[in-house]
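Visitor: Let the sequences and hints guide you as you build the complete structure.
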Amino acid sequence: MNRLRLVIPVFNDWASFRRLLEELEKVAATLPFQIFVTAIDDGSTDDHLAPLHDLPAFTHLAGAEIVHLSVNVGHQRAIAIGLCVAAHDQQINPGQFDAVLIMDADGEDPPSAIATLTQGIGPRQDFCVVAQRRKRVETFQFKFFYFLYKLFFQLVTGKTIGFGNFCILSAGYVRRLVMVSDLWNNLPAAVLRSRLPIQTVTIDRGRRYAGKSKMNFTSLVVHGFSGISVYADTIFVRLLILASALIVIGFVCFFVLLTLRIFVPSHATPGWATTIIFGLSIIILQLVVTALSSLLMLLNNRVQRLVIPKLDYVPYVRDRERLFGRGFDRAV
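Sequence positions in the sequence shown follow the numbering used here and run 45 to 376.
Hints may contain errors.
What the hints assert, rightly or not - The calculated SDA-like cross-link candidates involving lysine to any residue, where the alpha carbons are at most 25 angstroms apart (straight line), are: (1) Lys187 with Ala254; (2) Lys354 with Val266; (3) Lys194 with Phe280; (4) Lys70 with Pro154; (5) Lys70 with Asp142; (6) Lys187 with Pro167; (7) Lys70 with Leu93; (8) Lys70 with Gly369; (9) Lys70 with Lys194; (10) Lys194 with Ser238; (11) Lys354 with His112; (12) Lys70 with Gly87; (13) Lys70 with Val245; (14) Lys354 with Pro95; (15) Lys187 with Leu93.
Said to hold, decoys possible - With beta-carbon atoms standing in for the labels, derived distance ranges: (16) Ala254 with Lys194: 25 to 35 angstroms; (17) Ala73 with Arg251: 39 to 49 angstroms; (18) Val292 with Asp248: 43 to 53 angstroms; (19) Thr74 with Pro95: 20 to 30 angstroms; (20) Gly139 with Thr103: 21 to 31 angstroms; (21) Arg251 with Phe189: 13 to 23 angstroms; (22) Val115 with Thr246: 31 to 41 angstroms; (23) Phe189 with Pro241: 24 to 34 angstroms.
By construction, these hints were calculated from the structure, which means they are not laboratory data. Don't be surprised by glycine CBs; every beta carbon is placed ideally from N, CA and C.
Guide: This is the structure we're talking about:
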């Protein structure tokens, strides 16, 4: 690998982004490949010019640019757009980079870990290396709810998700991933869904450069359900199977109840059969409705027009601004 492109979503955190560029400059001096930085401005409302107007001279980074989005689309969709921009540039100028690395701008994805992510690639042309966190600095509350999220994700999807956005993808896998509609909702789940061969590297989470995380509890819940939504069809099928099994159990209980009521009426409290039959009827009716709803939603999803990031990202890109160094083709 000779050329690595970084995709970094940023929302109002330009002071951290400046610090990240300085750290990347130091790391780039120790790496055997060139690095170009693409920041995705996710509809920021803070001015980026003040923190970035007096950047020092960078001699080891190949360059940096900012892709400004017209509106705030959220962290995951900003990443998807960044990958689409990279794939588009690669299509216009084949071979301009060998891989794309996705990381956050706040310092929690430490630049020093880039060497760890890339050291196991070797001569392979296609690869997907993800960072699995070994040590976290978040609060106990965050760790607890993140554990519940992973547990619930495995329960409803049958898949285990143990990594986040910090990963590196070969150029070929980037071109493949941007055609996957699930990328629009959640990068890690889309990587799992696309069945890319994944190599895991254990990396400690770094500390934030400045400020507080923009991710509040509501955002975390939405992020979690966005990942789960990627497996909506799997969840619908599982729900349909569960509802069908419970319907069968309900009918079995119903006939056992009638048998007891008819053949052994003397060993029961008066009115018990009517009460239980009424309750079972309501439960069976609800399960039938649930099963039919799941089936209809599953069929409806298969005929809907899906968002394909590679085809639908262009209206969100307002402009591209080169910060320094050698830039890629500016066409969008």
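Visitor: Give a verdict on every hint.
Guide: Hints, verified against the model:
no.: 1; hint: Lys187 with Ala254; in the structure: holds (21 angstroms)
no.: 2; hint: Lys354 with Val266; in the structure: holds (23 angstroms)
no.: 3; hint: Lys194 with Phe280; in the structure: holds (19 angstroms)
no.: 4; hint: Lys70 with Pro154; in the structure: holds (12 angstroms)
no.: 5; hint: Lys70 with Asp142; in the structure: holds (21 angstroms)
no.: 6; hint: Lys187 with Pro167; in the structure: violated (37 angstroms)
no.: 7; hint: Lys70 with Leu93; in the structure: holds (23 angstroms)
no.: 8; hint: Lys70 with Gly369; in the structure: holds (16 angstroms)
no.: 9; hint: Lys70 with Lys194; in the structure: violated (35 angstroms)
no.: 10; hint: Lys194 with Ser238; in the structure: holds (19 angstroms)
no.: 11; hint: Lys354 with His112; in the structure: holds (17 angstroms)
no.: 12; hint: Lys70 with Gly87; in the structure: violated (29 angstroms)
no.: 13; hint: Lys70 with Val245; in the structure: holds (22 angstroms)
no.: 14; hint: Lys354 with Pro95; in the structure: violated (31 angstroms)
no.: 15; hint: Lys187 with Leu93; in the structure: violated (35 angstroms)
no.: 16; hint: Ala254 with Lys194: 25 to 35 angstroms; in the structure: holds (29 angstroms)
no.: 17; hint: Ala73 with Arg251: 39 to 49 angstroms; in the structure: violated (22 angstroms)
no.: 18; hint: Val292 with Asp248: 43 to 53 angstroms; in the structure: holds (50 angstroms)
no.: 19; hint: Thr74 with Pro95: 20 to 30 angstroms; in the structure: holds (25 angstroms)
no.: 20; hint: Gly139 with Thr103: 21 to 31 angstroms; in the structure: holds (24 angstroms)
no.: 21; hint: Arg251 with Phe189: 13 to 23 angstroms; in the structure: holds (20 angstroms)
no.: 22; hint: Val115 with Thr246: 31 to 41 angstroms; in the structure: holds (36 angstroms)
no.: 23; hint: Phe189 with Pro241: 24 to 34 angstroms; in the structure: holds (30 angstroms)
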